[in-house]
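When you number the sequence shown by this note's numbering, it's gap-free, plus one each residue, and the end is 288.
Be careful, since some hints might not be right.
[Said to hold, decoys possible] Here are the simulated DSS-like cross-link-like pairs (lysine-lysine), alpha carbons at most 27 Å apart as the crow flies:
(1) Lys88 - Lys137
(2) Lys35 - Lys110
(3) Lys24 - Lys156
(4) Lys23 - Lys39
(5) Lys111 - Lys160
(6) Lys156 - Lys97
(7) Lys111 - Lys49
(8) Lys110 - Lys156
(9) Lys177 - Lys161
(10) Lys23 - Lys266
The set of hints was computed from the structure by calculation and includes no laboratory data.
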Amino acid sequence: MGIKYKIIQFNINEFGVNIDAVKKELSFESLGWDKNDIKLSQLRFLITKYINDKKTILQEAQCFLDGNLVPNSIQELISSLSIEDQRKFHAYKPFRKRGISRFMVEYVNKKWEVNHIILPELTEFSQHEDHPLDLRKLIRRFPPMDRTLSHSILLKILIKKCVEMLCECEPQVKLKKVEVTCHQISLLIDSSTLSACNSPEGLHQDGSNYIVSALVIDKYNIEGGTSELYCIEKKRIIKSHTLECGEGLFHIDKNSTIWHKVTPIKLKKTSLGIGYRNILGFDFNYIS
């Protein structure tokens, strides 16, 4: 583990944490489908088909994402699609399961304390937009991670170690309090899907001071899923690595020269039927 460009590739073995113990303690099976992905995919599809109507689509995007009733202007565009395009529009399905958890990490009596923040049944979450068509600016609502997972000792160890890396990267900031958001995500694929991607928006920043863009907990029967970091001109890759179980990528994000994405996954052996990539992602934001 070493720092370069304020980027650290790490293995949780370095923290004294065993990946098999984490797999056992942090189950991904009970996660619910992220149904936001269906409507976001549909909105992106409409924008590609009606680029001249993108202003209208974007104005109604939050309403479309939130409600059961489709705004009239959006419905008119859907109805104007060809039969084949309507079939494609309605064929989108969720491809990720996810939960969210939040923590306040404070430096007290010369050590970091991790305190879980109780979240509502659905937690609002949005991200910094990198361009006008970036739909991540919309408010999405995620269920909380299982309460027992949020209080996991191993999870809190991982958070402490990441905050220590943050302090190592930014010694001049003299941090005393950091808000940490944890994303538990399972990216799934089967024989009916050619590929699935955890960054459908492409190259982006998340809008937090630092992030762990991915810590791979488990994966099965997939190829791809390569983490790629680019410098500011977005043309030169400065790091490309396919993370294995127990490996993570910690790096600076907001207002930096570093942008990131991950390549799609696809099945390694179609005969096995399914594949998945289970990860934790972390957002670190300075409080004081």
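Each hint, compared with the structure:
1. Lys88 - Lys137: Between lysine 88 and lysine 137 the Cα gap is close to 25 Å, so the pair holds against 27 Å.
2. Lys35 - Lys110: It is violated: about 43 Å lies between the C-alpha atoms, which goes past 27 Å.
3. Lys24 - Lys156: Given pair lysine 24, lysine 156 holds - Cα atoms ~15 Å apart, limit 27 Å.
4. Lys23 - Lys39: The given pair, whose Cα atoms are some 31 Å apart, is violated under the 27 Å limit.
5. Lys111 - Lys160: Judged against 27 Å, a Cα distance of about 9 Å means the pair holds.
6. Lys156 - Lys97: Cα-Cα ~22 Å, so holds.
7. Lys111 - Lys49: With a Cα-Cα distance of about 54 Å, the restraint between lysine 111 and lysine 49 is violated, given a limit of 27 Å.
8. Lys110 - Lys156: holds, 17 Å
9. Lys177 - Lys161: Satisfied, since the Cα-Cα distance of roughly 14 Å is no more than 27 Å.
10. Lys23 - Lys266: Satisfied, since the Cα-Cα distance of roughly 22 Å is no more than 27 Å.
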